[in-house]
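Chains as they are written, first to last, in this note's numbering: chain A, 1 to 132; chain B, 133 to 822.
Rather than coming from a laboratory, the hints here were simulated on the basis of the structure. We put the CB at the ideal spot given by N, CA and C, even for glycine. Take these hints with a grain of salt, some might be off.
[What the hints assert, rightly or not] Covered stretches of chain A (in silico footprint by chain B; criterion: 3 or more residues with CB under 8 angstroms from a CB of chain B, positions within the stretch not fixed): (1) 21 to 31; (2) 56 to 70; (3) 92 to 106.
[Stated by the list, open to error] Chain B side only, calculated, beta carbon under 10 angstroms to chain A, not exhaustive: (4) Phe287; (5) Glu438; (6) Gln440; (7) Ser442; (8) Ile444; (9) Asp446; (10) Pro471; (11) Leu505; (12) Arg510; (13) Glu535; (14) Thr537; (15) Trp548; (16) Gly560; (17) Glu624; (18) Gly627.
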Amino acid sequence: MALRKKTKADAIDAFFADISTRGQIPVLGTMEGRLRFDVSGTRGVEYWYVTLHNGEASVSHKNTKADVVVRIAQDLFGEIVEGRKNAMAALLRGAMEAEGDFRILIAFGRLFPGRHGSKGRVAPILEVDQQR
Amino acid sequence: MSAELVRILEGNTFVVSDTRGDIEASRKDPTGLFSVDTRFLSRWVLTVNGSRLNPLTVDDVHYYETRFFLVPGTGTVYVDSKLSVIRVRTVGDGFRESLAFLNHEDEPVDLDVRLEAASDFADLFEVKDALKKKGRYDNRVENGHLILGYRRDSFVRETWIRASGSPDIDESGIHFPVHIAAHGRWSSEIEVLVDVGSGTEQSDQPKVFRANRRPRRDPARGLDKWLDRAPSLECSWDPLKRTYQRSLVDLAALRFSTLTMPNHALPAAGLPWFMTLFGRDSIITSLQSLPFTPELAATTLLALGERQGSVIDDFRDEDPGRILHELRYGELTAFEERPHSPYYGCADATPLYVVLLDEYERWTGDTKLVRALEFEARAALNWIDEYADLQDNGYVSYQRRNERTGLENQCWKDSWDSISYRGGKLPGFPRATCELQGYAYDAKMRGARLAREVWRDPAFAQRLEKEAADLKRRFNRDFWVRDGEYFAVALESDGRQVDSLTSNNGHLLWSGIVDKSKAPAVVRHLMGPRLFTGWGIRTLAEGEGRYNPIGYHVGTVWPFDNSFIAWGLRRYGFKKEAAAVAMGILQAASCFDGRLPEAFGGYRREMTQFPVQYPTACSPQAWSTGAPLLLIRAMLGLEPTGDYLIVDPVLPVEIGHLELLDIPGRWGKIDAFGRGLIDTSRAGSKRRTQ
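With the rest of the complex left out, here is chain A (with noise of 0.2 angstroms):
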């Protein structure tokens, strides 16, 4: 089989497999509900429902009623779960649009990478400057 290059797409399918496959996941505390992710692509819309129940997720694509509806760009939604864009920031500029329980996806959002590359420490700064 010939090597292709990593899609947006298949970055989305890798996120909601591995939180499917997590089982507990401590971030999402207590949170219940669902949530309906709507993502438009070259292939028109694709329709991702989640469960937080018990501390899992559980996705499918099975059509269930959702407690938060989310629409979203599939390149923008490739790049949130990739650590290169932030979905807060994208929900406050209208590049992600959110109808619905908000304390749901923001727990979710618990699930979503840090910024890529980040390293959690830097080198200490031993001199300061003393004037300014």
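Given the coordinates of chain A, work out where chain B should sit on it, guided by the hints.
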């Protein structure tokens, strides 16, 4: 100048105008209509026959409403007008303005009335820098509205303006051809709505953020109910009654709702520029107001828990378990040019989160909330050891990873020169400031109590207590400045003590990390002439290299700082000293008509006779508003113990009789009484030789 500006607000929508009610934004006068951290009007100017009006009086009816009484004509000290103009402005999802003209002549009059409107849609962060905008403006007249619009990709912000009486509308304002009969009256109702419309939808209705879409409550009734619910204070010293009332009203004005909890309020940090969720400020103010308005603490805990850090993100200085520093909704945040979505660069909010959760339960008995937030509290406790020990020495320290737009100083003294050696030299990073170790100790002790009594996890409780005891032992060894007998303000990453004498010592008493044997020496410093001015305790002691009585964190007196120090003095049994600090700050408050500024000058009291206000952008400031409340608690010695409230009053003699009625808590409602017996007038005046 800001002293002459008029500010009104509701939630995070606020209007800053001149005394005519006009808005003409400039770099010097940051006026405007602001909402969701964006300016929606930068120009709003009323003219009559082409001329501006003159203000007669401004009546700040409520924090959300102002009345402007105006007359035409300029350039003379005499006012002999045949025309009066009244503008009444009320803030909501934008504002409403009732415009009324009264003709006092025996003849009818024809007037050209015009309201100029424009907006630059500046992000709050841009207001003072006048940055060039990257999007385009789009003003239009549609369906009887003047719509001022701004668009950058999918980011859309619009201002919708309409007026009653079918005026002429063009793209720069509204024109009213006005005819008023002899001794007649003309009026118009103008509505200005802020809109965060989306880039993809066309709509004939302005769309507002969910937090603003709540059913409009009547602010007046809301305020009355708020005041009714709080304990009532009776006292023979009138200034305290006034200060208490002022604090409650200002606290009401500072209430802020997040997107996810539109029907619950928490304290925002300051009015108007900091009307948003801040980790540190919201927690501190919730702690101060717990005995009076405990619901603020509950909302703060929930809102901060919701946004607790979950990943490592260097741009936002985020770590798992970390409590946020600041949340913003403006354009720069939306395009990730600023990290405030939210930003996490703050080292004290996380341990203080656990402290607030425990203190909240001790007062209210609300174990349901403590159980609901068990994960968040454990994550916060984990952050202390797992992510905050940047020097790998067992102490909490901070250093920003976002070196462009992150915060350099992540403790409450957040100015660039606030942490210094005696000689004035500044330490490097990471910095482990002393009060952070106190908060961490307290968080572990309180976390242990919650683990044992609510989460039923005695093993975790035992571990936390062991860690706390170990931290306390090391701290009293490593931070103690032997030749001065006080605690160093910080440790450098190479282990050296940053050895200046600061008010942070008082916070250490509050946290309980100070060995009992060391407390008397610490208190001698706090109440001694290098720190205590007569009004309160300075941030940095006189005689230190960077000391400056009007330097932001290097010599001024901060009321909030002093309120925690008073609480700390009580904790170690120094009741008279607590009363002296409380009295100094409360007397200062009476000089400011009951509204304490963020900080005031650190001059000796006998030198200025009057506390010298430090110029700050925000008033009221939430934690200054909360300071008198905590001082009242400290003077009355209110301490919840089991299902009881201990009352142990030690009051200054000037206060006379003090009663606080209907204090809410797990006991239902309780009254506290006290009588002033302590002479605090000589506190701090005794000079000690160093």
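Hint check results:
Coverage of the segment 21 to 31 of chain A by chain B holds [criterion: at least 3 residues with CB-CB distance below 8 angstroms; count 4]. Three residues within the 8 angstroms Cβ limit are the bar, and the segment 56 to 70 of chain A against chain B gives 0, so the coverage statement is violated. Given as covered by chain B, the segment 92 to 106 of chain A passes the check, having 8 residues with a CB less than 8 angstroms from a CB of that chain where 3 are the minimum. Checking Phe287 (chain B) against chain A: minimum C-beta separation of about 4 angstroms stays under 10 angstroms; hint holds.
A hinted interface residue such as Glu438 (chain B) counts as satisfied when its beta carbon comes closer than 10 angstroms to some beta carbon of chain A; here the least separation is about 6 angstroms, so the hint holds. Interface restraint check: Gln440 (chain B) against chain A, minimum CB-CB distance 8 angstroms, threshold 10 angstroms, status holds. With its C-beta approaching chain A no nearer than about 4 angstroms, Ser442 (chain B) sits inside the 10 angstroms limit, and its interface hint holds. The restraint placing Ile444 (chain B) at the interface with chain A holds, with a minimum CB-CB distance near 4 angstroms, inside the 10 angstroms limit.
Proximity of Asp446 (chain B) to chain A holds as hinted, the smallest CB-CB distance being about 4 angstroms (cut-off 10 angstroms). With a least beta-carbon distance of about 9 angstroms to chain A, the hint placing Pro471 (chain B) at the interface is held under the 10 angstroms criterion. The closest approach between the C-beta of Leu505 (chain B) and any C-beta of chain A is roughly 9 angstroms, which is under the 10 angstroms cut-off, so the hint is satisfied. Because the beta carbon of Arg510 (chain B) sits about 9 angstroms from the nearest beta carbon in chain A, less than 10 angstroms, this interface hint is met.
A least Cβ separation of about 7 angstroms between Glu535 (chain B) and chain A falls short of the 10 angstroms threshold, and the interface hint therefore holds. Against a cut-off of 10 angstroms between C-beta atoms, the interface hint on Thr537 (chain B) is violated, since the closest Cβ of chain A lies about 13 angstroms away. For Trp548 (chain B), the suggested interface contact is upheld, since its CB lies about 6 angstroms from the closest CB of chain A, less than 10 angstroms. For Gly560 (chain B), the interface hint holds, the least distance from its beta-carbon to any beta-carbon of chain A being 4 angstroms, beneath 10 angstroms.
Interface restraint check: Glu624 (chain B) against chain A, minimum CB-CB distance 9 angstroms, threshold 10 angstroms, status holds. The closest approach between the C-beta of Gly627 (chain B) and any C-beta of chain A is roughly 13 angstroms, which is over the 10 angstroms cut-off, so the hint fails.
Hints 2, 14 and 18, counting from the list given before, are not met by this structure.
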